[in-house]
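Undergrad: Residue numbers (the numbering used here), protein chains in the order written: chain A, 1 to 325; chain B, 1 to 690.
Since the hints were derived computationally from the structure, they do not count as laboratory data.
This structure is a prediction, so every number in the text was calculated from the model and none was measured.
Don't take each hint at face value.
Said to hold, decoys possible - Pairs of lysine-lysine residues, derived as BS3-like cross-links and limited to a Cα-Cα distance of at most 30 Å, are as follows: (1) A:44 x B:629; (2) A:44 x B:497; (3) B:530 x A:53; (4) A:53 x B:183.
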Amino acid sequence: MIAYILRRVLYAIPILVGVNLLTFLLFFMVNTPDDMARMQLGQKRVTPEAIQKWKAERGYDKPLVFNGAEAGARQFTNTIFFEKSVKLFAFDFGRAEDNRDIANEIRTRMWPSLALAIPVFLIGIAVNITFALGMAFFRATVLDLTGVVLCVAMMSISSLFYIIGGQYLLSKLWHLVPISGYAGGVDAIKFVVLPVIIGVIGGIGSGSRWYRTLFLEEMGKDYVRTARAKGLSEPVVMFRHVLKNALIPILTGVVVVIPLLFMGSLIAESFFGIPGLGSYTIDAIQAQDFAVLRSMVFIGAVLYIVGLLLTDISYTLVDPRVRLN
Amino acid sequence: MRPILLLAFLAAGCADVWNDPYPAADRGASVLYTAFLERPKHLDPVQSYTEDEARFTQQVYEPPLQYHYLKRPYELAPLTALEVPKPVEIEGGRFTVYTIRIRPGIRYQPHPAFVPENHALARVRVDALRSPYDLPLGTRELTADDYIYEIKRLASPRLHSPVFGLMAEYIVGLQDFAERVKKFDTRKGEWLDLRKHRLEGVEKVDEHTYRIRIKGRYPQFAYWLAMPFFAPVPWEAEKFFHQPGMAERNYTLDWWPVGTGAYMLTENDPNSRMQLVRNPNFRGEAYPAEGEASDAKDGLLADAGKAMPFVDRVVFTREKESIPYWNKFLQGYFDSSAIPSDTFDQAVRVSVEGEVGLTEEMQGKGIRLRTSVDTTILYLGVNWLDATVGGPSEKTRKLRQALAIAVDWEEFISIFLNGRGLVSQDPLAPGIFGQRVGREGLNPVTHEWKDGAARRRPLEEAKKLLAEAGYPDGRDEKSGQPLVLYLDTVGRGPGDKPRFDWWRRQFAKLSIQLEIRDTDWNRFQEKVRKGSQQLYILGWNADYPDPENFLFLLHGAQSRMKNQGENTSNYVNAEFDALFERMKNMPNSAERQKIIDRMVDLVRRDVPWIGGFHPVSYGLAHAWMGNGKPNNMARNNIKYLRVDLDRRAALRREWNQPVLWPIALILLFVAAITVPAFMAYRGRERKAAR
Numbered sequence: 001m002i003a004y005i006l007r008r009v010l011y012a013i014p015i016l017v018g019v020n021l022l023t024f025l026l027f028f029m030v031n032t033p034d035d036m037a038r039m040q041l042g043q044k045r046v047t048p049e050a051i052q053k054w055k056a057e058r059g060y061d062k063p064l065v066f067n068g069a070e071a072g073a074r075q076f077t078n079t080i081f082f083e084k085s086v087k088l089f090a091f092d093f094g095r096a097e098d099n100r101d102i103a104n105e106i107r108t109r110m111w112p113s114l115a116l117a118i119p120v121f122l123i124g125i126a127v128n129i130t131f132a133l134g135m136a137f138f139r140a141t142v143l144d145l146t147g148v149v150l151c152v153a154m155m156s157i158s159s160l161f162y163i164i165g166g167q168y169l170l171s172k173l174w175h176l177v178p179i180s181g182y183a184g185g186v187d188a189i190k191f192v193v194l195p196v197i198i199g200v201i202g203g204i205g206s207g208s209r210w211y212r213t214l215f216l217e218e219m220g221k222d223y224v225r226t227a228r229a230k231g232l233s234e235p236v237v238m239f240r241h242v243l244k245n246a247l248i249p250i251l252t253g254v255v256v257v258i259p260l261l262f263m264g265s266l267i268a269e270s271f272f273g274i275p276g277l278g279s280y281t282i283d284a285i286q287a288q289d290f291a292v293l294r295s296m297v298f299i300g301a302v303l304y305i306v307g308l309l310l311t312d313i314s315y316t317l318v319d320p321r322v323r324l325n
Numbered sequence: 001m002r003p004i005l006l007l008a009f010l011a012a013g014c015a016d017v018w019n020d021p022y023p024a025a026d027r028g029a030s031v032l033y034t035a036f037l038e039r040p041k042h043l044d045p046v047q048s049y050t051e052d053e054a055r056f057t058q059q060v061y062e063p064p065l066q067y068h069y070l071k072r073p074y075e076l077a078p079l080t081a082l083e084v085p086k087p088v089e090i091e092g093g094r095f096t097v098y099t100i101r102i103r104p105g106i107r108y109q110p111h112p113a114f115v116p117e118n119h120a121l122a123r124v125r126v127d128a129l130r131s132p133y134d135l136p137l138g139t140r141e142l143t144a145d146d147y148i149y150e151i152k153r154l155a156s157p158r159l160h161s162p163v164f165g166l167m168a169e170y171i172v173g174l175q176d177f178a179e180r181v182k183k184f185d186t187r188k189g190e191w192l193d194l195r196k197h198r199l200e201g202v203e204k205v206d207e208h209t210y211r212i213r214i215k216g217r218y219p220q221f222a223y224w225l226a227m228p229f230f231a232p233v234p235w236e237a238e239k240f241f242h243q244p245g246m247a248e249r250n251y252t253l254d255w256w257p258v259g260t261g262a263y264m265l266t267e268n269d270p271n272s273r274m275q276l277v278r279n280p281n282f283r284g285e286a287y288p289a290e291g292e293a294s295d296a297k298d299g300l301l302a303d304a305g306k307a308m309p310f311v312d313r314v315v316f317t318r319e320k321e322s323i324p325y326w327n328k329f330l331q332g333y334f335d336s337s338a339i340p341s342d343t344f345d346q347a348v349r350v351s352v353e354g355e356v357g358l359t360e361e362m363q364g365k366g367i368r369l370r371t372s373v374d375t376t377i378l379y380l381g382v383n384w385l386d387a388t389v390g391g392p393s394e395k396t397r398k399l400r401q402a403l404a405i406a407v408d409w410e411e412f413i414s415i416f417l418n419g420r421g422l423v424s425q426d427p428l429a430p431g432i433f434g435q436r437v438g439r440e441g442l443n444p445v446t447h448e449w450k451d452g453a454a455r456r457r458p459l460e461e462a463k464k465l466l467a468e469a470g471y472p473d474g475r476d477e478k479s480g481q482p483l484v485l486y487l488d489t490v491g492r493g494p495g496d497k498p499r500f501d502w503w504r505r506q507f508a509k510l511s512i513q514l515e516i517r518d519t520d521w522n523r524f525q526e527k528v529r530k531g532s533q534q535l536y537i538l539g540w541n542a543d544y545p546d547p548e549n550f551l552f553l554l555h556g557a558q559s560r561m562k563n564q565g566e567n568t569s570n571y572v573n574a575e576f577d578a579l580f581e582r583m584k585n586m587p588n589s590a591e592r593q594k595i596i597d598r599m600v601d602l603v604r605r606d607v608p609w610i611g612g613f614h615p616v617s618y619g620l621a622h623a624w625m626g627n628g629k630p631n632n633m634a635r636n637n638i639k640y641l642r643v644d645l646d647r648r649a650a651l652r653r654e655w656n657q658p659v660l661w662p663i664a665l666i667l668l669f670v671a672a673i674t675v676p677a678f679m680a681y682r683g684r685e686r687k688a689a690r
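Produce the complete structure using the sequences and hints provided.
TA: This is the structure we're talking about:
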């Protein structure tokens, strides 16, 4: 398994280089270093000298990917792309365009993101599995049909509707929780209750339907028939046998997102005033802050690769037949 | 669901309201609650130049002058200076000298930079800090050296002051200083001590007096002395924040201001929350005793002579979305608010006569409305270099005049701004010297005076002008081709469609086809820089209340394309430029007014801007707020504000009582689902047993 993991880590390097190159090209297709300088220096009384100075200080006065004025390898190394990318692989994210330390921001902001994402993730899985098991248990009955229709309806509703509707009902009309904001420590609970409820409810439709399909597939297999023939009760069949065997496909979807929980939620964090990494990314897009954007994309790519690796490893844990070669 | 709600109850604890976003310990405390929408980029007074930043910096930093809080038109008043300095011309007007005397005895806020031991911190100590205020704090007296140091910082090679270019034109030796220091600044890792370098045009007279020498005459310089660019910065603060490890922790002067103002920034999380706390060393400036005639009636003089500030803390919470921001204001968790466009109808009612008032809901809450015309202009500009619409020829002038009549700004304001704007009759903003009001201020090219008010001229006149311009019925009289014009604008998304349709309709009135070139801000800026736009929309927010700060937007020397200046229309008129040169350095007088009148006439005739408007700000404040008065020039207004804490607490309680029946309903709903499911399960189990 170690050899497999090492091989996957090595595979990750060209993927990360590609992701980084793509981010770089996409960003600089719509923004020039001059645009970035103007965005940071403001709209009033910005002189060409000030723009030049800003670029020179940050290394944006060099060619993007190819430096024709240099010779040999420096044609590629003395460029914005090379200089900004190499440090990323050492996880040295540098400073944002507003001069704040990116690593420090990430360290600070990942906790609010996790405070929201982990409960949504865990409660969401529990609720979705419960709903799905319930529907599978009552398959082909009115309850199952109602559940499926409800799921389809819930899937069809935009997440923004859940957010705005949730804020309107729970906070504006019923005054049960703060409408937005965040505080550290235990005080965070009262702020994350509403986004967690909304996050869980918003995910029920798609999650439950997916799990229901998995459970139904398992329930049609021979071992389930055998278990029933042995006289096991339906709850025992469902929880001890069906659930356990349905875990493999569930893991495919679940484990891969675990590392990405760090990245936060772009929309929910903005609407609920949670200062997490999702909100950080949105701010960076609006401020044309390339340093932050490339760091966040890079971290996202790394975490996704880690997630895929964890998924592979988790297969071996839940299914002894699977071997990593 | 049940455990989650239980958690909510636990989190709410024994509080009487459950949705209070602030800590229970803060209830009843003297705190002002407000929001910020955009995170500030710079809090260093040498770099900060936006309103979002000024809301913080101007509570902390104290330049020598400020704007009088209550008087209108805007008037300079001393802040840390003993008086507003009088310019003295020397050497036959070659130079002007401003001698600024600082009030003795002013002390800085408590700060670790004033403790010498804190200047040599071990890296581990820095890494362990949760805030710079964890360290031992000290203070010292404000001196003239601190003001001189800040002026030198304008030219520091390590900083980006947006006004360096402008100030280098005036302050004697500033350009030379910048070049000298740049050559000296070779050791990038070390702190750059600007005290070692002499700046010719700024000299210390004594501990509390300094003198600034500027080239020629520049009466507007006094206004700059009321901006944070000229606030004092203690050298100790720069040195303190330059220590290894500080920048990595985001402990920089750009993020942790050090000043003498009424407040000090003790919590700085621009992503979520910023907090100002009363500066215990603040000298206790007195609330003004004079103002406008209506101020006494409005209760704005009730605190005259009392020591400010009146609030101990100010909590700024980041709100990125308008819905939670607005609802928190309605719940009483923000003390004041702007009115988001999508909730305008909920807050404001406009009568048939056009009178603006609050809706019954707002009145019922005791909310008060404050309106003020911004010292801002937004305009539809013409690129003077464009062959079709620009230039001084009779043909293009008549075309522009026709367009200026046809574009109905009154309608634009009514449809898209809920009436929150004033149609501009000239390039000056209301309240600025030189602008005439009423019939005298009417733009005769676009408007006529009827029934005691300015009315837009009839469309027939525009059509006639268009025909005289060589485009009868919107077609080129020579080629017969329809006239097509291009408007460059920055799109914000699908919501722009009604606005774009409106623009097309304005031009269609004259049978002119308008093509809208919707682009992003970067490309738009690039087009304006290169002079490749034809028509475009831009705006200007005044730096100071002087006509020069508006009319320079049309000065030929400020051409954006030629000189990267602020004249984005690239308008050139020799007479206008000559008059501008005469007017810009004059004191306000009848002669200056006469020159401005002529300049305004030229602009109205030439039409480099096809009209525009001045936004009107609508602000709401709760009944418990006192002493609030809009001031477009100054942002150091928090020290004047008062909060009736008991009233706020009582109203918040009244407005936010938790409604519990939905919880019971949800539990009932869960039961209603669970019970039949359970019964069905039991039924199935029994069936299987049989």
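Undergrad: If any of the earlier hints don't hold here, list their numbers in rising order.
TA: none
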